Amino acid sequence: MKILSSVLFTLALLIGVGFTAQVHAQAAGCSTSGGYNPNTGMSCNGSTVIPLGCSSTAGFSTVNNTPCNGSTVVANSYNGTMVNSNTYLNGCSSTAGFSTTTGYACNTAINGIIYAGPTVGTVNIGLPGVTTITPTSPGLPTTGAGNNLIVNILLLTSAAIVTVVAFRSVLAYSRN
Numbered sequence: 014m015k016i017l018s019s020v021l022f023t024l025a026l027l028i029g030v031g032f033t034a035q036v037h038a039q040a041a042g043c044s045t046s047g048g049y050n051p052n053t054g055m056s057c058n059g060s061t062v063i064p065l066g067c068s069s070t071a072g073f074s075t076v077n078n079t080p081c082n083g084s085t086v087v088a089n090s091y092n093g094t095m096v097n098s099n100t101y102l103n104g105c106s107s108t109a110g111f112s113t114t115t116g117y118a119c120n121t122a123i124n125g126i127i128y129a130g131p132t133v134g135t136v137n138i139g140l141p142g143v144t145t146i147t148p149t150s151p152g153l154p155t156t157g158a159g160n161n162l163i164v165n166i167l168l169l170t171s172a173a174i175v176t177v178v179a180f181r182s183v184l185a186y187s188r189n
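For the working numbering, count along the sequence shown from 1 and bump the result up by 13.
Derived by calculation from the structure, the hints in this document are not laboratory data. Small disclaimer: the values here were computed from a predicted structure and weren't measured. Quick reminder that beta carbons are idealized off the backbone N, C-alpha and C, glycines included. Careful: at least some of the hints might be erroneous.
So the derived label-pair ranges between C-beta atoms look like this [unchecked claim]:
#1 Ser-68 - Arg-188: 46 to 54 Å
#2 Leu-24 - Asn-124: 42 to 50 Å
#3 Asn-92 - Arg-181: 50 to 58 Å
#4 Leu-169 - Thr-23: 15 to 23 Å
#5 Val-87 - Leu-24: 38 to 46 Å
Work out the full structure, taking the sequences as your base and the hints as a guide.
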């Protein structure tokens, strides 16, 4: 009986670890944990901590110029230039979506200029006005997998059930 409960406990533990790994999987659109998601602009490493000098996980810190997603500049594949040779923002191949190296929207104006690619060129819109940043209340992290809400809820619920069963097994095993 003790061997059977040990096997079941081990199986429950492995299933729980598998569910946890699935829940923390990279967001759709990321191929590595470095850089930013081209669909959402969120950090590919799942960072929810906003470093000093940053207002989001996109871009670079105004205090120490490190990437706001918590990865290194090398991990983000950022080469230090704001505009690529393709005349789009670094990490962009069009004005749609988000930069994979900086996390900024690909149509972001830099010093009043939108870099719209080789066919359009640059679009001068003037310098932007002052932007007020309103702090938000903390909540669950945004993973970019919001369209999988039901699957995520089922995985989290299953992981919680497996954890409860595992703890009950440990308690029952320790009493014997």
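Going through the hints against the structure:
Under the hint 46 to 54 Å, the C-beta atoms of Ser-68 and Arg-188, about 53 Å apart, fit the expected range. Evaluation of the 42 to 50 Å hint for Leu-24 and Asn-124 yields a failure: the beta carbon distance comes to about 58 Å. Take Asn-92 and Arg-181: their Cβ atoms lie about 54 Å apart, and the range 50 to 58 Å holds. About 22 Å separates the C-beta atoms of Leu-169 and Thr-23, a value consistent with the hinted range of 15 to 23 Å.
Between Val-87 and Leu-24 the C-beta distance comes to about 40 Å, which sits within the given range of 38 to 46 Å.
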